[in-house]
Each structure stands twice: as C-alpha cells, then as structure tokens.
Amino acid sequence: MNVIVIDDQKAVVDSIYKNLAWKEFGIDEVFTAYSAKDARTVFNEKHIDIMLSDIEMPEESGLSLLRYVRKISPATECIFLTSHADFSYAQEALRLGSFEYILQPCRYEEIAQTIKKVIVKINEKQHVQGFSANRQELINTIGAKLLHASGEENVEKIIPGLFGRKYDDGVFFPAEIAVVSECKRSIRDGIEKTVKSVFASKKDISVIVMEISHCDYIVLCYGPPQDMQEPELYGGMNETFSVLNTIQNVKTAVYAGTACGPDLCSEIRQLHRMHENNILQKPVIMKIRPVPEVSKDYLCTLHPERWAGILENGNGLVIKEEIRLFIRKADAEGRITLPLMQVMHYLFITAVNEVLQKSGRDISYYLLGNYTKMDLDNSYRTYDSFMNAVDIMLHVLQSASGETGQSRVEQAEKYIEENISRNITRTEVAQTVYLNEEYFSRLFKEETGCTFKDYVTNRKIEYAKQMLASTNFSISVIASKVGYDNFSYFSKIFRQKEHKTPQEYRNVTKGI
170 MNVIVIDDQK AVVDSIYKNL AWKEFGIDEV FTAYSAKDAR TVFNEKHIDI
220 MLSDIEMPEE SGLSLLRYVR KISPATECIF LTSHADFSYA QEALRLGSFE
270 YILQPCRYEE IAQTIKKVIV KINEKQHVQG FSANRQELIN TIGAKLLHAS
320 GEENVEKIIP GLFGRKYDDG VFFPAEIAVV SECKRSIRDG IEKTVKSVFA
370 SKKDISVIVM EISHCDYIVL CYGPPQDMQE PELYGGMNET FSVLNTIQNV
420 KTAVYAGTAC GPDLCSEIRQ LHRMHENNIL QKPVIMKIRP VPEVSKDYLC
470 TLHPERWAGI LENGNGLVIK EEIRLFIRKA DAEGRITLPL MQVMHYLFIT
520 AVNEVLQKSG RDISYYLLGN YTKMDLDNSY RTYDSFMNAV DIMLHVLQSA
570 SGETGQSRVE QAEKYIEENI SRNITRTEVA QTVYLNEEYF SRLFKEETGC
620 TFKDYVTNRK IEYAKQMLAS TNFSISVIAS KVGYDNFSYF SKIFRQKEHK
670 TPQEYRNVTK GI
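Each residue of the sequence shown is one higher than the one before, starting from 170 at the first, in my numbering.
It is possible that some hints are incorrect.
As the list claims (entries may be wrong) - Below, simulated EDC-like cross-link-like pairs (lysine to aspartate or glutamate); rule was C-alpha separation at most 16 Å, straight line:
{"id": "1", "residue 1": "206", "residue 2": "229"}
{"id": "2", "residue 1": "285", "residue 2": "197"}
{"id": "3", "residue 1": "451", "residue 2": "500"}
{"id": "4", "residue 1": "206", "residue 2": "177"}
{"id": "5", "residue 1": "372", "residue 2": "396"}
{"id": "6", "residue 1": "362", "residue 2": "408"}
{"id": "7", "residue 1": "456", "residue 2": "408"}
{"id": "8", "residue 1": "365", "residue 2": "396"}
Just so you know, these hints were derived from the structure itself, not from any lab.
All chains, please: the whole structure from these sequences, using the hints.
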C-alpha cells in the first residue's frame, strides 16, 4: 500500500514523513511532493492508495488536485490537512469524497489514527470487491450450466441462493440479451442497472445477469407468483430493449421467456437457439416461440451441386448473389436457422475445396493475414461473417487460378481515379468491386501498402498539386475539383502532406 504526502511547505512534508511509523501501518512506500504539479507526476507514474494533502497551495489547490485524481485513480482515498477552518473547503472536500478533513496544528497521533481508519476502509473495500468478483464468476459459471445442463442436473435448485432469498413457490423469468453490433467490452453492469431500474417498483423481484460472453447475457428475474405476471415482465423487457438501443446506444436483441419453474433450463436453451437463428443480427425483441425445423432439402433450390463448376469457370460472383438472395428470402419466410447456415457453409466450402484440389493446394495455404482456418470454420454463424468468408474464398480461387487482368484492387484504384472529384467512401468502392467492406479494407492495404483513406487522400493531393502547378484555377476551385467542399480543411490536409500551404506550393512550382 502506497501513500503520498503533499504540502507546499517542505518542513511540514518532511516532518510527517519522518515522524509516522509507516511500516507499522502496513505502508510499503511513502512518496512526497511540494506542489500539486509534482504530485500529478507521481500519480501518473505510481499507484497511490492514500493521498495526504494540504488544501491551500500556490498555483493549484489540494481540492483541484483531488478532482484530477478522481479521474485517473478513483480508488485513492484522501485526507486533507489545513490550517483554515473554512466550511466551504470542508463541503467541497466531502463532495469530492475526501475521507477526512484535519485542522492544523494537529498531533502526529491524530494523523496516524486517521491513516489507520483509511487503511481499514481500503481493506474492507478490497474484500467486498473480491467477494463481488468471485460471486459474479460463480453466477457466470451457473449461466453456462443453465445453457448446457441436462435435465438430471437440476441446477435450478441452487439458483435461489444466488438471489439471497427463497420463496416456497418462487417463479423465474429468463431472458437473453445479445449485442448484435461490434462490441469489445462487457456491458453486464449496464444491463443489470437497466433491468433493476425497470423493475424497481417491484420490491420482491430480484435480478441477476449471467455473462456468457462479452456480447451475450442471460437475465434472470426471480420473485413470488403475484409479482411475476407475464404482461408486466414482457413490458419490462421491452423497456430494457428501448433503453439499451436508444439511450445507451448499444444495438441489442432481447429474447424474453415465460414465468416458469422446473423447466428453466429448457426455456433458456430455447431462447439461446432463437438468438443463434438471428443470422442477420437484427436488433429485435422477441417472445419465446418454437424454433423452426427446416429440412435440408430446402437448400435444393440453390442447386449447390453446380457450384464447383461455376467456381472453376471464374463465375463466383454468381454464387455469391444466389447465396445472398437465398438467405434474405429464407429470413423473410422465417426459415433461416443456424443448422441451415451450417449446411450451406459446408456445401460452399466443399465446392471451393473441390476446385483447389486440382491445383494441389488446400484452403489453409491461401488464407490471408489474421483470417484463420477457425475463423472460416465458424463463419456460418452470422450473415456478415458468412458473406465475408465467401469474398475471401473467391479471392483464394482467383489467386489459385493465376488469373491475369485487373484485380479487385486495380478495379478499385480505377474507380477512385474516375471519381476523384467526389467524396469517395470505402463502403461504395467495396460494393463496386463486390467485396465485403472489412475484407476489402484488409486486401486493399495488403496490395497497396496503405489504408484506403490514406490512398484516396494521397491521390487527391497529387491531382491538386498538378492543377496548382499547371493551371490558374483558384485554390478553392481546385479543392472542389478533388472532392473537398471545405476550403480550410483542404488546406489543412495539403499542409500535413506537403509541409506547405497550397499557395506556397504554387509559388514554388511557378517560381514566384
């Protein structure tokens, strides 16, 4: 545990440093600072548990320093020392979460006792946080069991203990909440706060959130039958969906179950299958319903037996469009399921392999960069990942065949040149060359050595330089001709690239 002592009077700092038995308190290291500026440096480099600081200091006060500390080290406890009994100081110190406010002069014993109290508080807080983390880990583990448990395990019996209460005839209400947009962080706390807020008027309803992954959560409500009425529960989930998707701006899908008892496991597994079948990753709220059983014969309308021949003839885009239309149609008919996607994925990859075998290579040989065989194997789970896999496989086949002529990137470069006067986006160019945007971005950088954005900017600046050197167009007209409506922004970008303003560049090239 570390402490920092801060005062603009060196004698005060040195006196406190020398006269307190820090080791006896369990303090590992004591840092000193004679200004808020020096203290900021320490905070930026070291972990500090306790801040012991004067309030009134030149240049920056202790209160201002604490505001900064709250942003970068919110767990740090603070003790203020001051020789002024100013009530406004005390008010602000308390508002900022200062643990203690000590008037000077004071005895070292008083400071020591206060530090001991702070240490007790820190230890208690760490204990609670550790218990909370362990409890949540247990909850998440049980969530995984609920998804995969067989009926004999009866994991439902241990659930009430997680809520800290038990009803003789208690009822469960499960829901699954899944993030359907890119999400790199856990939103468990946000979901839990939202659901608890929605059901705040129902004092006997308890809520826990089980994190299956950073984008998939099981919400479990538990309470007595009189409070677990399905219309109100569905209404609460609808409100939760609205808050998450609008106020918190996290695109989610919510799958709501029924008020149930012994069949909790089967309900949760059915909700999870509904989520898996949301292949297009739509932000929807859905009540529990039977999962459709779709015959594999449904795929016969695609005639996948033709695919190997079509791919070998270099007409892969035809298959890509067939797959796209098939998935959209199946979704509209309510017949798109994860097993169906898995079979279609298998048939497509089998066709690709059949073509590649003639060149003596397998798919792994051609996979690009960070896109692994595992990524390919799991790409059937969503529409976007599957279409991305189709794009990658078409590129693999193109590479394997050793085709000459324009590559996709060359086509993209030509499109950029022809549309240099517009604000060209990566999305439109990717669509023009029939590639998934993410894959196009990776492929473009691999073949050109720079990002799409940098490439377009560089080409626009090159065109602008040519016009500055060879025409008398005004700079605003030149900016417009290379797709910049904002003259100031054009000048800023030009200067970043050429280290000269457009006018300076014109003067140099024309010898003015």
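Each hint tested on the structure:
1. 206 with 229: Holds, because 8 Å separates the two Cα atoms, which is no more than 16 Å.
2. 285 with 197: Distance ~14 Å between residue 285 and residue 197 Cα, so the pair holds.
3. 451 with 500: 11 Å, holds
4. 206 with 177: 11 Å, holds
5. 372 with 396: Cα-Cα ~9 Å, so holds.
6. 362 with 408: 13 Å, holds
7. 456 with 408: Distance ~14 Å between residue 456 and residue 408 Cα, so the pair holds.
8. 365 with 396: 14 Å, holds
When the structure is compared with the earlier hints, no violation turns up for any of them.
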